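Chain U is fixed; fit chain V with the ligands onto it per the hints.
Chains as they are written, first to last, in my numbering: chain U, 11 to 285; chain V, 237 to 576.
Think of the hints as simulated: they come from the structure by calculation, not from any bench. Mixed in with the good hints, there may be bad ones.
[Claimed, not checked] Here are the simulated DSSO-like cross-link-like pairs (lysine-lysine), alpha carbons at most 30 Å apart as the crow flies:
(1) U:248 <-> V:257
(2) U:268 <-> V:303
(3) U:248 <-> V:524
(4) V:524 <-> U:225
(5) V:257 <-> V:303
(6) V:247 <-> U:248
(7) U:84 <-> V:309
(8) U:225 <-> V:451
(9) V:257 <-> V:247
(10) U:248 <-> V:451
(11) U:45 <-> U:268
(12) V:569 <-> U:225
(13) V:305 <-> U:85
(14) V:394 <-> U:268
(15) U:44 <-> V:309
(16) V:459 <-> U:44
(17) V:305 <-> U:84
(18) U:44 <-> V:303
(19) V:524 <-> U:45
(20) U:248 <-> V:303
(21) U:45 <-> V:303
(22) U:85 <-> U:268
(23) V:354 <-> U:268
(24) V:495 <-> U:85
(25) V:451 <-> V:305
(26) U:238 <-> V:495
(27) V:303 <-> U:84
(28) V:451 <-> V:557
(29) U:238 <-> V:451
(30) U:85 <-> V:309
(31) V:354 <-> U:248
(32) U:45 <-> V:309
(33) U:248 <-> V:557
(34) U:248 <-> V:459
[Unchecked claim] Between beta-carbon pairs, the in silico distance windows are:
(35) U:283 <-> V:560: 27 to 37 Å
(36) U:202 <-> V:317: 23 to 33 Å
(37) U:283 <-> V:410: 35 to 45 Å
(38) V:320 <-> U:91: 30 to 40 Å
(39) V:561 <-> U:279: 35 to 45 Å
(40) V:468 <-> U:280: 39 to 49 Å
Quick caveat: nothing in here was measured; it's all calculated off a predicted structure. The beta carbon of each residue, even a glycine, is placed where N, CA and C say it ideally should be.
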Amino acid sequence: MMHDPLFPVLGVVTDIRTDTPDVKTFRVVGVDGKKPFIHIPGQCAMLSIPGVGEALFSITSSPTNEDYMEFSIKKCGCVTTWLHAMEPGQQITIRGPYGNGFPVDTDFAGKDLVFVAGGIGLAPLRSVINYVRHYRSRYGSVDIVYGARSKDDLVDYAEIIEEWSKEEGINVHLTIDNPQEGWDGHVGFVPNYVKELGFDTSKTVVMCGPPIMIKFTLAGLLELGFDKTQVYTTFELKMKCALGKCGRCNIGDKYVCKDGPVFRLDQMDQLPDEY
Amino acid sequence: MKKVFAADIYKVFAKVSQKSKLYIPADDGVSQARFLPYMEGMTLTEKLNTGRSAKDLFFPQVENLLKFKVSGKQIEIVDQRDEVESFVIFGVRACDCRSFDILDNVFLYDEPADTFYKTRRANGLVITLACNAPEETCFCTAFGIDPADPAGDITAWKMADAFYFRGNTDKGNALLAELELVEADEEAAHQQQEAIRAIAEKLPFGKLDLTGFDKEHLMEKFKDPRWAELSESCLGCGTCTFVCPTCQCYDIREFNNGKEIQRFRCWDSCMYSDFTMMAHGTNRPTQKERFRQRFMHKLVYYPSNYGGVYGCVGCGRCLQKCPVHTNIVKVAKTLGGENK
Ligand code: SF4
Ligand code: SF4
Ligand code: FES
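This is chain U alone, in the form it adopts within the complex (with noise of 0.2 Å):
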């Protein structure tokens, strides 16, 4: 059979955790019980289930996990629902990985690091985080700044405490969007919180969330003297192929699926504001 790159391999969901009330986390691996491919934190997978339809996901676990993948899913659409209702033990098709992936080891090396993070989107920043802890000499100082509309609604809210915020040089700082019983931290939407945190402008901001959260934050690094030089972001189009061919996910003469889903602002200033 010749391989083509729109085919993929059968992978198993060997264990569903359930994040919040609309999110849950897949963990995947081959037939052969091993991790189907490598990647780099930030690139993409499709998955799919025949008979419902293929979707892009962006993988939540690092690179560093040898073991097995995982995708931090939000139920929203076809796929992701019939991905809800499944159990463990599900067989579904992969292919990828897909995107160019944050720059780990080159830009982002040697760097303090500030993580803006809105709702689901902490599921591709979790995948850097994780290798960034795992090579954590690499890396100056972490700041996690991650917001959701409750507390409920934040995802790994587990991992963040028990882990990340147990390990020096790391700091999170949550937020929620309104005051909730049992919860004493801070309240507010994220970039305000930034704003209020007021980083060293020296350092390299790695954003991910609803368009409405990164226009204001950016909003908000601009203000404190940040550049466009030091943000970068993800985006999530519409896709098919993930190869840079169907001609669905473009952003004047960028694909998002191949030259993409990773970019740095300025690079966003030569392209049309089409997303």
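Just chain V with the ligands, lined up with the frame of chain U:
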């Protein structure tokens, strides 16, 4: 150069079709010409070009990818790629022939190659046919295409009494050798070429000024307020994309017959509202954005990614077929050249 007397061209077709499948442009019995598998008794169309482009033979409108069988939690992937027999396509015009180069950039040379397209390209032999009478909707010359000397594995010219052939590739020369045609005088073909060029020279849109359509003016072109009026009458029917020899967009879909699931790909159109629709909305909410995408891709994004080569070959199909008479020439004239 070789030739065959006009009356004998069908003998040549018969001989070619004994060895491989042969497609020739013939009338479809309704109103258009199209590439049809040659059978005895069939005649070449008198029309200048086919309604649908030659792209269909290399990038078919619908193509099966894979089959899946699902039982319980188990999935079986079945490869059911159809054998692609070798085929010959006769009568490809210069514009359509250039469209293969444009598709090659995307499907062959950009890694990873599309193996379905690649197989068809490898198995297909292209015989082009110079255009004796370019029509007023033709503007291939605006893209530096010479309708009098198209590329392909073999180039053919139709003269009053004979077809002349020139082999351009090893594959083409090998076929010509097998056909045992008579030697021909090149001079006659050259005269024919000059006559064609004289007509092409007078085409109304042949010198379409494309100044300003380039990477450098990407943002300026995108932001041009005139997209609103240009797109106003567009119905979003997608006709222009389906007849276009360079449109490459596709969708991947599935069909479940109850026993197995067929995954296939089919052409799609950036003119459709659901093209970029996601669960939470679309980044191209109105026809203005979709219309702009089609023409920006042809005239700005494609050249920006492929060394300045435009993603249009001036075949004129979208000029002939758009129900509301809007098209790429109108776009280029409104936003390019001295109006830029
Ligand atoms: S855009 Fe129109 S004229 Fe250009 S190649 Fe496509 S159909 Fe032909
Ligand atoms: S430009 Fe014309 S042919 Fe193309 S989608 Fe619009 S109405 Fe249809
Ligand atoms: S998903 Fe097909 S081009 Fe990006």
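What hints, given by number in increasing order, does this structure fail? 1, 6, 12, 14, 16, 19, 25, 26, 36, 37, 40
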